[in-house]
Amino acid sequence: MIVATSVVSLALCCGLAWWQWDRFTSATGTFQNLGYVLQWPLFGLFPAFMFWRIKKLREREEEAAGQPEQPEQPAPAPVRVPAPRPAAAPVEEDDELAAYNRYLRELNARDQQS
Numbered sequence: 001m002i003v004a005t006s007v008v009s010l011a012l013c014c015g016l017a018w019w020q021w022d023r024f025t026s027a028t029g030t031f032q033n034l035g036y037v038l039q040w041p042l043f044g045l046f047p048a049f050m051f052w053r054i055k056k057l058r059e060r061e062e063e064a065a066g067q068p069e070q071p072e073q074p075a076p077a078p079v080r081v082p083a084p085r086p087a088a089a090p091v092e093e094d095d096e097l098a099a100y101n102r103y104l105r106e107l108n109a110r111d112q113q114s
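The sequence shown begins at 1 in full-length UniProt numbering and counts up one residue at a time.
Worth flagging that the hints you see were computed from the coordinates, not collected in a lab. Just to be clear, a hint being listed does not mean it is correct.
[Unchecked claim] Label-pair restraints from in silico Cβ distances: (1) Glu-106 <-> Glu-61: 39 to 47 Å; (2) Phe-31 <-> Ala-65: 48 to 56 Å; (3) Phe-46 <-> Arg-23: 43 to 51 Å; (4) Val-79 <-> Arg-58: 27 to 35 Å; (5) Ala-27 <-> Lys-56: 42 to 50 Å; (6) Ala-77 <-> Ile-2: 46 to 54 Å; (7) Leu-97 <-> Gln-73: 30 to 38 Å; (8) Pro-41 <-> Ala-4: 37 to 45 Å; (9) Met-1 <-> Ala-65: 52 to 60 Å; (10) Met-1 <-> Pro-74: 29 to 37 Å; (11) Gly-66 <-> Phe-43: 51 to 59 Å; (12) Gly-15 <-> Gln-73: 55 to 63 Å; (13) Leu-34 <-> Arg-58: 53 to 61 Å; (14) Leu-57 <-> Val-79: 33 to 41 Å.
All residues carry an ideal CB built from backbone N, CA and C; glycine is no exception.
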């Protein structure tokens, strides 16, 4: 069925390319028609290419299924990062920063309660 579709598609698209060639060689033909002359055969070959590609992918899957699986390597141990140490000397905060820090503490407290 797929092969028949590919053949019909190629024949149809070659017919369309011939039609565009006739249009190009006519008095009203443009280079756009010439571009279509080159494109239609490619469109006609696309189903055949997809059939070939699917076949190759299936062969690759079957080949991979026939090979024994290699054991998975264990995941690396998580890296532990030590908590930062508090500063040796307290840093003086300005009023705006202190208000912001209080606001953050209130938000954290609300989150902890809910």
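Comparing the hints with the structure gives:
1. Glu-106 <-> Glu-61: 39 to 47 Å: 58 Å, violated
2. Phe-31 <-> Ala-65: 48 to 56 Å: 50 Å, holds
3. Phe-46 <-> Arg-23: 43 to 51 Å: 22 Å, violated
4. Val-79 <-> Arg-58: 27 to 35 Å: 42 Å, violated
5. Ala-27 <-> Lys-56: 42 to 50 Å: 47 Å, holds
6. Ala-77 <-> Ile-2: 46 to 54 Å: 50 Å, holds
7. Leu-97 <-> Gln-73: 30 to 38 Å: 48 Å, violated
8. Pro-41 <-> Ala-4: 37 to 45 Å: 18 Å, violated
9. Met-1 <-> Ala-65: 52 to 60 Å: Because 25 Å falls outside the window, the suggested range is violated.
10. Met-1 <-> Pro-74: 29 to 37 Å: 47 Å, violated
11. Gly-66 <-> Phe-43: 51 to 59 Å: 36 Å, violated
12. Gly-15 <-> Gln-73: 55 to 63 Å: Holds: the Cβ-Cβ distance is about 57 Å, inside 55 to 63 Å.
13. Leu-34 <-> Arg-58: 53 to 61 Å: 38 Å, violated
14. Leu-57 <-> Val-79: 33 to 41 Å: 39 Å, holds
Checked against the numbered hints given earlier, the structure breaks hints 1, 3, 4, 7, 8, 9, 10, 11, 13 and satisfies all the rest.
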